Amino acid sequence: MAMRRIDDDLIESRSGGRSAPSSTSFFYWIVFLLLLAGFAAACWLGSFFVFGHPEKPFSYKFLTKVHKLDPPKRFELTMAPRGEFLSAAKILERYSAMSRGELAMANEALLRNYLMNYKQTSDQVPYVIGVYDILDSYELTDKDIFSSGVVALAQSTENPQLLLEQVFPAEKQTVLILQRSLLTGLPIRLQKSLDLSAIVNVQKLPDGRMKVTALPLAYGTYMAGQGTGSFSLLPPKTLNIDAGLPVLNADRVAEADQKYISYRRKSGLDNPAKKDAAAPESPRIGMQLMRVEPAVPVNDSNIPVKRATRVDHASPTPTVDATVAATPLPTPQVVPTPETTVAQASPTAAAMTGQEAASATPTPAIANANAKVWPVYPASKMPRGRLLNTSDVTELVDKATSNERIYLQGNFMVTASGNNRAVLRPQSSFIGRNANTRIIVDFPQGSALPSVGSQFGRNAARPFLIMDVRKGADGNINVYAHEITQP
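Add 1235 to the 1-based position in the sequence shown for the numbering used here, that's all there is to it.
Just so you know, these hints were derived from the structure itself, not from any lab.
Be aware that one or more of the hints could be misleading.
As the list claims (entries may be wrong) - Straight-line alpha carbon distances no greater than 25 Å define the calculated PhoX-like cross-link-like pairs of lysine-lysine that follow:
hint	residue 1	residue 2
1	LYS1616	LYS1706
2	LYS1472	LYS1308
3	LYS1308	LYS1296
4	LYS1407	LYS1427
Quick caveat, the model's predicted, so the values are computed rather than measured.
Given only the sequences and the hints, what does the whole structure look like? Please build it.
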């Protein structure tokens, strides 16, 4: 009977009644589950890549569409990301040694950190400092990574092998003002602890030079010379990430090079005879772009005091009585240094009576055809800086003053005055000290100038702002300064 039942079961299974389990179906289920697991793992890893690499076009578009990526933000100086300030020499030293692959990885990290507002990185932000002469400037369009504003191509005065592609994001209506301000030959000064111009791209050019792209993270308010008004930079809301960096291609770089060469040739800057003469080094002084800073009260409680020697003179003048310690400023500033060189004047007693303007020093010595614009502050409320006496300015001769703000105090006599400029001599020069020092002060347009032969003093409350110090061919030390306090 048992054998019969077995035979009946076999017949029934072959006839389609009951089916035997199949190993093939289990195999397909296993393959399907493995595919699902692989897809889940790919999605998981892909999400990490997309969120971790917003510099990739697909990632950037996806993250901005789902509102998972904040637009670039404006940083206050006190809240700026931790970084290091690099001169032209340090930039070349760091990036010139990189291979093409290493430079590509560095550029991805630089742009990624910028797009993520430096939130998820422990890297120090590389900030550019130094003086750069503008070669040319171009308006940004929708075809560029930044769709509105101006980009200026500039060359380092420290090392011409480094080019700076400085981006100024701004609204369309301010582009014209920017273009009128960013003219060929004008200097851009990026100062340590004052400016936050972050590098976002580095490129090696075929001719061996390097070009860095930088953006001002503070997006500050600026004033333009020649009465063109003020304007503010704005962080871009979105970027055309497909356009990529750098902003300027090889053709525009070559075009800017030729324009700068032509400018220097027409200006006589490449002529050694002209350069050594007491003549302006730039015909566009005054047409400058500068940062507008809020007035900051000076805290006298932390200021070391240094008493200066009172100068005995027929007409008493205020006594200089304090030295302001150098401290960082609260906001960045781009302030080009005046490049004019005042014609030689005689340091003799004849100069004391105002004959300096009429005899040895002709009218061009105080000519100031280009009206200048810069911030002016109430007394004692200018940004913090280092205060020097006239006897101390020799330490600044032919040295860059872009890394700190330096003020000048002292007792002066006016030897020439006119056209928004006055030439001063330290009163100590007439008793044998500082006889070769001359102070050329530019005053804001419309200011009341001191009269020739008058005497006055300036202390820590109302000092002059030193812009440059140079030694002339006649041996005189020329101190170029701005009046930056209200009467």
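Evaluation of the provided hints:
no., hint, in the structure
1, LYS1616 / LYS1706, "violated (31 Å)"
2, LYS1472 / LYS1308, "holds (9 Å)"
3, LYS1308 / LYS1296, "holds (18 Å)"
4, LYS1407 / LYS1427, "violated (30 Å)"
When held up to the earlier numbered hints, the structure conflicts with 1, 4 and fits the remainder.
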